[in-house]
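2 protein chains.
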Amino acid sequence: MNIILIEGSEMREGKITLSDHRAAHIIKILKCAEGDSVKVGILHGKIGTAQIVGLQKKFPFKVELIGRVESAPPPKEPVDFVLALPRPIMLRRILSQIAALGVENLHIVNANRVEKSFWNTSLIEKEVFTEHLIHGLEQAVDTVMPNIVFHTRFKPFMEDYLPTVSARYTHMLLAHPGSTGGLGTLLGRNRERVLVAIGPEGGWVDYEVGLFRNQGFSDFNIGCRILKVDTAVVNIHGRIMALFENVA
Amino acid sequence: MNIILIEGSEMREGKITLSDHRAAHIIKILKCAEGDSVKVGILHGKIGTAQIVGLQKKFPFKVELIGRVESAPPPKEPVDFVLALPRPIMLRRILSQIAALGVENLHIVNANRVEKSFWNTSLIEKEVFTEHLIHGLEQAVDTVMPNIVFHTRFKPFMEDYLPTVSARYTHMLLAHPGSTGGLGTLLGRNRERVLVAIGPEGGWVDYEVGLFRNQGFSDFNIGCRILKVDTAVVNIHGRIMALFENVA
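Keeping their order, the protein sequence lines are chains H and E. Here my numbering is used: position 179 in the first sequence is 179, and no number is missing along the way. Here my numbering is used: position 42 in the second sequence is 42, and no number is missing along the way.
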């Protein structure tokens, strides 16, 4: 945790009292003492600093803080993703990573090569996946949760849902091994909104690729190496951000 | 596994007989039948295709193949890393990921903020870490193992070892939150060899940053978000590759 995230209702006239895993973290991991300061942020709100004014170091842990939140959280980045539902262990990791990277919107869709059993995961429930998003925000010092939307049917997602959001994007890109273009030739010279689709293990089937193209997606590749989906998400995010930085 | 890796000695006049986890993978995960082809590669050697000519589908699994290896593996990428030793669970993941990304050299060093207990891991033994590198090669369809070197003492690594390899690199870069430069302004317009150093959780201490600068490293940042080291490695690798691609 590089920031202690709290609900707005937990701060009253600058005072915060913690008695859960966050108190344990401040005491056992950060090894803070009275008088130390920690970074705090209000979920969906501002970021600031709070000083520890009271501390119960033995179980049950308790930490009392006084602070102010004045700074805006970092802005979200302009790269959103569409992912075929990955296996749960990988989805957990992706949720934390995209929250840390500053992704604003993540769409998780079914696909022909998604194993049906993957949909049995509790991770598609908001109370469960939120925990992993919070880990990412705590890592990256952010307070604003990404929007995660699960789409259990591919065709309605492509034909009914996508057209309602596609106008937001200057570029819609399909990571497709074997295509010839790289990102550098597809992206413009400005920091524009991009939606990137990444397939399941084994890739999209031809029918799915066809629907992406019908909706205006352009193929790109990142070389001949086949990456796992979590590696691909983080790597492609970095590639796009570097191109935008480079032309700023 | 997107390629079945074998030792050179396992192929005789084009014939390969597998009876270990690779046979189980071909039968249970890839669900291959007699007559199907799979991609094969000789460790440190060439890549080709082999046809399944015999199959024992029940335990103990056995697969007989006949094939040829004729193609060179993909070239390694020009980005090497120096990492402060991360916690073992993270190191495992990083080893697979850097093998998949085509990293050629990885140096893992001690640092002030590395927990001493991390050095007790069996992952610093070649027989143990090799397994994770092979997972990465199997994922990315490569046959050539990255070089992994562990350095248990920071100062000798910086002052004695680094000068013996630094001439290989056009750029030596230190990921340092709070520095002002981005990668786009530091890297040249060509695909040049780059060495990137990434610190432990909590960062390098000032003394360590000083030694990096003495050895010719330049600071860069990738924005204000603090990433976990595995996310940072994959993201920074992507950023550098995108800049090189963009100017090709």
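Hints are computed from structural coordinates only; laboratory data are not their basis. Some clues are possibly wrong.
Copies of one chain are not kept apart here, so a pair can be met inside one copy or by any two copies together.
[Stated by the list, open to error] Here are the simulated EDC-like pairs of lysine to aspartate or glutamate, each with C-alpha atoms no more than 20 Å apart in a straight line: (1) LYS15 to GLU64; (2) LYS62 to GLU34; (3) LYS126 to GLU7; (4) LYS116 to ASP36; (5) LYS228 to GLU77; (6) LYS15 to GLU125; (7) LYS31 to GLU115; (8) LYS155 to GLU77; (9) LYS58 to GLU13; (10) LYS39 to GLU77; (11) LYS116 to GLU104; (12) LYS39 to GLU70; (13) LYS76 to GLU159; (14) LYS228 to GLU115; (15) LYS126 to GLU104; (16) LYS39 to GLU201; (17) LYS46 to GLU34; (18) LYS28 to GLU201; (19) LYS31 to GLU64; (20) LYS28 to GLU77; (21) LYS58 to ASP36; (22) LYS28 to GLU115; (23) LYS39 to GLU13; (24) LYS31 to GLU201; (25) LYS28 to GLU245; (26) LYS228 to GLU131.
Hint-by-hint comparison with the structure:
For the identical chains of this complex, LYS15 and GLU64 are intra-copy neighbours only, at 7 Å inside a copy versus 70 Å across copies, given an alpha-carbon limit of 20 Å. With identical chains, the CA atoms of LYS62 and GLU34 are at most 20 Å apart within one copy only, with a shortest distance of 12 Å there and 64 Å across copies. For a Cα distance limit of 20 Å, the shortest separation of LYS126 from GLU7 inside one copy, 17 Å, qualifies, whereas the shortest one across copies, 47 Å, does not. With identical chains, the CA atoms of LYS116 and ASP36 are never at most 20 Å apart, being 50 Å at best within one copy and 25 Å at best between copies.
Taking the shortest Cα distances, LYS228 and GLU77 sit within 20 Å of each other only across copies (18 Å), while inside one copy they are farther apart (22 Å). Within a single copy, LYS15 and GLU125 get their C-alpha atoms no closer than 32 Å, and across copies no closer than 50 Å, so neither meets the 20 Å cut-off. In this assembly of identical chains, LYS31 and GLU115 lie within 20 Å of each other by CA distance solely across copies; the values are 14 Å between and 44 Å within a copy. Taking CA atoms no more than 20 Å apart as the test, LYS155 paired with GLU77 passes in neither setting, with 28 Å inside one copy and 38 Å between copies.
In this assembly of identical chains, LYS58 and GLU13 lie within 20 Å of each other by CA distance neither inside one copy nor across copies; the values are 27 Å within and 69 Å between. Taking CA atoms no more than 20 Å apart as the test, LYS39 paired with GLU77 passes in neither setting, with 22 Å inside one copy and 38 Å between copies. In this assembly of identical chains, the alpha carbons of LYS116 and GLU104 never lie at most 20 Å apart, being 27 Å within a copy and 37 Å across copies at closest. Only within a single protomer do LYS39 and GLU70 lie at most 20 Å apart by alpha-carbon distance; the minimum there is 11 Å, versus 57 Å between protomers.
Neither within a single protomer nor between protomers do LYS76 and GLU159 lie at most 20 Å apart by alpha-carbon distance, with minima of 27 Å and 40 Å respectively. Taking CA atoms no more than 20 Å apart as the test, LYS228 paired with GLU115 passes inside one copy only; the shortest distance there is 16 Å, against 29 Å between copies. Taking CA atoms no more than 20 Å apart as the test, LYS126 paired with GLU104 passes inside one copy only; the shortest distance there is 16 Å, against 41 Å between copies. In the homo-oligomer, the alpha carbons of LYS39 and GLU201 lie at most 20 Å apart only across protomers (16 Å), although the nearest pairing inside one protomer, at 39 Å, exceeds that limit.
In this homomeric assembly, LYS46 and GLU34 never come within 20 Å of each other (Cα to Cα): the closest approach is 24 Å inside a single copy and 62 Å across copies. With identical chains, the CA atoms of LYS28 and GLU201 are at most 20 Å apart between copies only, with a shortest distance of 16 Å across copies and 40 Å within one. Taking CA atoms no more than 20 Å apart as the test, LYS31 paired with GLU64 passes inside one copy only; the shortest distance there is 15 Å, against 58 Å between copies. Taking the closest pair of Cα atoms, LYS28 and GLU77 never come within 20 Å of each other, the shortest separation being 33 Å inside a single copy and 41 Å across copies.
In the homo-oligomer, the alpha carbons of LYS58 and ASP36 lie at most 20 Å apart inside one protomer (18 Å), although the nearest pairing across protomers, at 63 Å, exceeds that limit. With identical chains, the CA atoms of LYS28 and GLU115 are at most 20 Å apart between copies only, with a shortest distance of 15 Å across copies and 40 Å within one. Taking identical chains as interchangeable, the C-alpha atoms of LYS39 and GLU13 lie at most 20 Å apart only when both belong to the same chain, with a minimum of 17 Å there against 65 Å between chains. In the homo-oligomer, the alpha carbons of LYS31 and GLU201 lie at most 20 Å apart only across protomers (15 Å), although the nearest pairing inside one protomer, at 42 Å, exceeds that limit.
For a Cα distance limit of 20 Å, the shortest separation of LYS28 from GLU245 qualifies neither inside one copy, at 39 Å, nor across copies, at 45 Å. Taking the shortest Cα distances, LYS228 and GLU131 sit within 20 Å of each other only across copies (17 Å), while inside one copy they are farther apart (23 Å).
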